[in-house]
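Going line by line, the protein sequences match chains G and S. If you read the first sequence in my numbering, its first letter stands for residue 2, the second for the next number, and so on. If you read the second sequence in my numbering, its first letter stands for residue 71, the second for the next number, and so on.
Note that these hints are calculated values from the structure, not bench results.
Capping the alpha-carbon separation at 25 Å, the derived lysine to any residue pairs in SDA-like fashion look like this:
| id | chain 1 | residue 1 | chain 2 | residue 2 |
| --- | --- | --- | --- | --- |
| 1 | S | Lys-380 | G | Arg-130 |
| 2 | G | Lys-91 | S | Leu-303 |
| 3 | S | Lys-195 | G | His-55 |
| 4 | S | Lys-161 | S | Phe-355 |
| 5 | G | Lys-91 | S | Lys-380 |
| 6 | G | Lys-108 | S | Phe-295 |
| 7 | G | Lys-91 | S | Pro-308 |
| 8 | S | Lys-151 | S | Pro-126 |
| 9 | G | Lys-168 | S | Gly-87 |
| 10 | G | Lys-74 | S | Leu-284 |
| 11 | G | Lys-154 | S | Leu-284 |
| 12 | G | Lys-91 | G | Pro-153 |
| 13 | G | Lys-178 | G | Gly-236 |
| 14 | S | Lys-195 | G | Glu-54 |
| 15 | G | Lys-91 | S | Ile-312 |
The structure displayed is predicted, hence computed values, not measured ones.
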Amino acid sequence: MVAVNIQSVWKYYGKTVAVKDLNLLCRENSFLAILGPSGCGKSSTLRMLAGLEHISAGDIFFGEQRVNMLPPKDRDIAMVFENYALYPHKTVFENMANPLRLRGVDKAEIDRRVKAAAAMLQIDALLDRKPMQLSGGQKQRTAIGRAIVREPKVFLFDEPIAHLDAKLRAHMRGELKHLQRRLETTTIYVTHDQLEAMSMADNIAVMHEGVLQQFGTPSEIYNHPANEWVAGFVGEPPMNFLNCRLELTSEGVVAVHPACRIRLNDAQRRILEEKQAEPDVKLGIRPDNIAYRAGANSGLDIPATVFVTENLGGDMIVEVTLGDDRLTIKTKIGPIANLDDPCTIAFDVSRIHLFSTTTGVAYF
Amino acid sequence: MTDQTMAAGRGPSADSGGVKRIDYAPTALNPKPSRRYYIWMMAPSIILLAGISIYPFIWLIYMSLHTVGEVNQPDVWNDFKNFTRFATDGKFHNGWLLLLQYSAMCMALEVGIGVLLAVILNRSKLEKVLVTLILMPMMMAPIITGLVWLFLYNGAFGWYHWLLQSIGILGPTSVLGDSDIAMFGIVAVDVWQWTPLITLITLAGLKRVPQDQLEANMVDGAGPFRNFVSIALPNIYPFLLIAVLLRFMDNFRFIDAILVLTGGGPADATNILPVYLFDVSFQYFKLGRGAAIALTLLLVTIVLGMVLVKLFEDPRRKIKHTGFD
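Assemble the whole structure, with the sequences as input and the hints as a guide.
Okay, structure coming up:
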């Protein structure tokens, strides 16, 4: 159980830069998720941690030990691969025993540890099967089993549940988190699925184009996105953005959009003044923070028209047109509106975010 | 669920566990599309195959049971004499022994060197160029190969002869003239010409070795050698089997180079069975005896081939699929 410290790490593939000056700290026994779209450098980072890729520049420390030049077998890590990477010619038992065999653990001990791990993962009835005879979920458990039979310093997960069906994925999220808490092992988990990152991790590192965009707890990432890109990437349905212009009026600071005016509160005004915000801003608001009522003059501040309504059973997603922009609203299920029906909407002002148009950095 | 369907016995069964189940079958199945089309597609090749291989094969059996008459003489039934005389035919026994030695040596060297080359090539940046270069021997007609090596082994001006003598391996004799060394001489030719085949096939197998399994094994704690043995080797196994099988059967029939190099000599030191078969049939024109030898050769090839396949069979293919996805 060690802390993992990534210091100014760069990764080049020829002339392409995959990771740029990455600094990350995963505390001892904590669960860090590296979140980002494909090609953001998250897998390269994980592979550098595993020793499967050369670290082009910078250093990686496991505790006090610099591991740059250590081959994978000497790093005392366990890794679960995206496609499970089970050995097809070996049984489940042999697959799980492999790391112990390679380290010369004696037979009785191997037997004991594999059986204990299998029991924990509820695959003890499958030990004699070959990977081909397993379902996706069982393969995945076997791959995790192979990782936990040893007590490695660090667990590395490379999108381990990306290929499971949706229901099983939801189930495995809970199991993985439970397992990590029980084993108390430093864990680094790479995913492109924000739900996995949000639900399991203690800390999330959001990466984009090889650059760390934000590091924080799930709620920090969700409630205080550092920039426009993080705000748009995290959250489902994604955040709405409106180009606005700030105006100082007798009512206070107002964000003016061609189709609406939104008065900011005093706390927000102070922050803008402190940060000397430029007048052109991007206003962001999550679909859950917009109120919606069907019908013209139905009582809310801003008139809009319905573009389309999606029924989710308990909730509905309403897309409305506001001037030249389109907004997504998530609300409790109500009457399904027709196209181009009038409606009114209102923003929860305390939950809006403003981003600089030029740099994308969040003011709040 | 309406009363009507319940009455017809088509409702859910009592222990359906909350799931709608169907416990009846359709009254008639739709006809499957006709397969006759495929039979017509295959017919020409089957007929052709029958003409060029099954018909001569039957003739082979016929000949092996007769003393085949020379021009305009009738064939005479000879009470299996072609086979019974194997018991006393010293050259026949010698031929088998030499063939097995020859085959075993070729195979061991070709597989060893071939796999090693494939592993090296697979990691090389110049792979494409090197593969082309390495394949060149295979592209040569075996008879030409034989002639080229004949010159290289020549006692008067052969380059290999000179090389081997100057580093002290070869005594005053020539490679092909010494009955102790001639066998190694022809093995070298076969290895030179056919190792590329093993390399090529193994290389194709290596390309299919899943990278993630290799990496998983490295993380599990394996070094490069362990990794090759426990991950790459099982994956190239089926490929290697095909290569070995091909080479093994070729060794039992390719004698072009040997005929050119030694013709079975000196003192029968390289008179492997197929060469002997050639002599019996086409030098002495004992076609009946030749056919009998050919038949035993064929039989052994088939049996050994089957044993090889069983021995090396990819264990994964035997697994019954019981997975759920």
